[in-house]
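Peer 1: Given only the sequences and the hints, what does the whole structure look like? Please build it.
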Amino acid sequence: MTGTGVGPVILTLDHITVAYESEPVLRDVSFHVHSDQFTGIVGPSGSGKTTLLRTLLGAIRPQRGSVKPRPGLRMAYVPQLETVNWNFPVTVSECVLMARTKGRQWPRASKADRADVTGVLERLGIGEVADRHIRQLSGGQQQRMFLARALLSDPELLVLDEPTSGVDVSTRHDMLHLLADLHEDGISIVLTTHDLNGMAAHLPHLVTINGTIVAEGTPHEVITPDVLERTFGARLEVLEHLGMPVVIDDYHRISPRAAS
Amino acid sequence: MTSTLLFLDSLTGPLQYGFFQKGLVVATISGALLGFVGVYITLRGMSYIGHGLSHAIFGGFAAASLVSASFIYLGAGIWGVSSALAINWVTRRHRIGADAAIGVITTASFALGVALLSRFGSSGPSFDNALFGSIYGISADQIIMLIGVSVATAAFVFFRYRSLLFTTFDPEVAAASGVNVARTEAILMLLLSLSILATLTVIGVTLVAAMLVIPAVVARMITDSFGRMLVLSTAIGAACGLTGMYLSYFAAVPSGTMIVLTGAAVFCLALAWQGWRSLARTAGLDDHHEDTVEAAPSTTRST
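Just so you know, the sequences run in chain order A and B. Residue numbers for the first sequence, in my numbering: 1 to 260. Residue numbers for the second sequence, in my numbering: 261 to 563.
I should point out that these hints are in silico values taken from the structure, not numbers from a laboratory. Keep in mind that the hints are not guaranteed to be accurate.
Claimed, not checked - Simulated crosslink set (SDA-like; lysine to any residue; CA at most 20 Å straight-line):
1) A:K68 x B:A435
2) A:K102 x A:V129
3) A:K102 x B:G438
4) B:K282 x B:T272
5) A:K102 x B:F419
As the list claims (entries may be wrong) - If the Cβ cut is set under 10 Å, some of the chain B residues that face chain A in the computed set are:
6) L303
7) D401
8) V417
9) L424
10) D430
11) Q534
12) W536
Note that the structure is a prediction, hence the values are computed from the model and not measured. The beta-carbon is built from N, C-alpha and C at its ideal position, and this holds for glycine as well.
Peer 2: Right, dumping it as structure tokens:
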């Protein structure tokens, strides 16, 4: 799997500092997104993961530094499920169709638009819920619905905020495989997560962050006790399982040797 | 048979009066327009802004009436649009919350209007009429303005349907997807101001906010689809305007009061029909906007 970023750079964050009020959330962060990127941004709560994504999307202007997307870059964003107003009166197909904001935007969708919505929903395996209200979906279906909305705009760069939070293990696994397939289809992907082990198993490139970038590289380069301690502020043990690093976050409880 | 004839007679009887015909047309279109715009306002959690803007426009109404009766609507319009854009600007800059911005800007404007009218009187519509609405003295210009605003609002929604829906549902993602959210929100505020201004005469300052909210909330209780909510809210607003105007005529009370009371009765009927659980659907109508405001960033750039 590629994804560590060897293709052309499509977006650059150059020494950015972002602050809410006077307190910096991100300090002197530089980050390149390549056309073949598949990167997970990992860090504790409040470390600036979502702020980094929002800066990358242009939703936040940094106090210092610059954000330089390639001219004409098509980006799409999948928000955290927790931030969505689930009482908003939209059906799944209405929600997905929102992304078609170029050209004709009449209330009644064109035949081509309807076909595209049906196509993307079926591609993601949720074609049968097109007419349901968004609250009537499971967590996995909700996540796929927003992914469908993002894909409808034919993005070159897909940005996802915590796509694996709030869903069960199986759904999380499916979601990461789905993203890997999309990456194989040529979409550059950047996502945030708390899920260290899921990222280690599925993503080729990780960035750890805690106000600034602590480390980046392959899972083997990044998921080490030293990097994790600098990122999370606590010592975490890392084991090797089937060739992948696995983080043990309660090492003393499961390891009699460590407990002694 | 006799009772049917009597009923029909009571419906057609008032139509012999020109002022009632105009009032009926204006009330129906006003109800439809406020119901239509109200969908976006309530879903954005901005119900309070309708209340605030109507009061702000009253200030402009009073100030302009002191200058010249012929500039009342132009003056009130400029005042209202300025207030709306100021609230939008303050809210987007996130220096203070939207509710606080509305509270400061619009109540000050209303207080100024009351003070000016009390001190200097008015060469325009009476104080009570402006507050509670009246079907008397509706001019052809007012009808043309109402129709113009309605057509402009419908055209904006028709041609920018998805951008507006996207911005209403999730402004941050909409912006990331290439929608010009700031411009879309500014146009919506402009149309809201013009809608309030155009309906002020019939509905009244103090009651116009109710007609922005009630039809949209009732429609939300009935449907889960945005498209159907838009149609239903418009139809409910129009029906309330029409029915309220007749009731106003028969009860000899200000038109705005009966239009709003009709809306309240429709709300009760919808509640009885759909049950208390339908209210849960409206739970997100008051917090969505504030969530995005709180999460929003500083916008100062200094590279």
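Peer 1: The structure should be examined with respect to each hint, and the outcome stated for every one.
Peer 2: Now for the hints, and whether the structure bears them out:
no.	hint	result
1	A:K68 x B:A435	holds (16 Å)
2	A:K102 x A:V129	violated (25 Å)
3	A:K102 x B:G438	holds (9 Å)
4	B:K282 x B:T272	holds (14 Å)
5	A:K102 x B:F419	holds (11 Å)
6	L303	holds (6 Å)
7	D401	violated (31 Å)
8	V417	holds (8 Å)
9	L424	holds (8 Å)
10	D430	holds (7 Å)
11	Q534	violated (14 Å)
12	W536	violated (15 Å)
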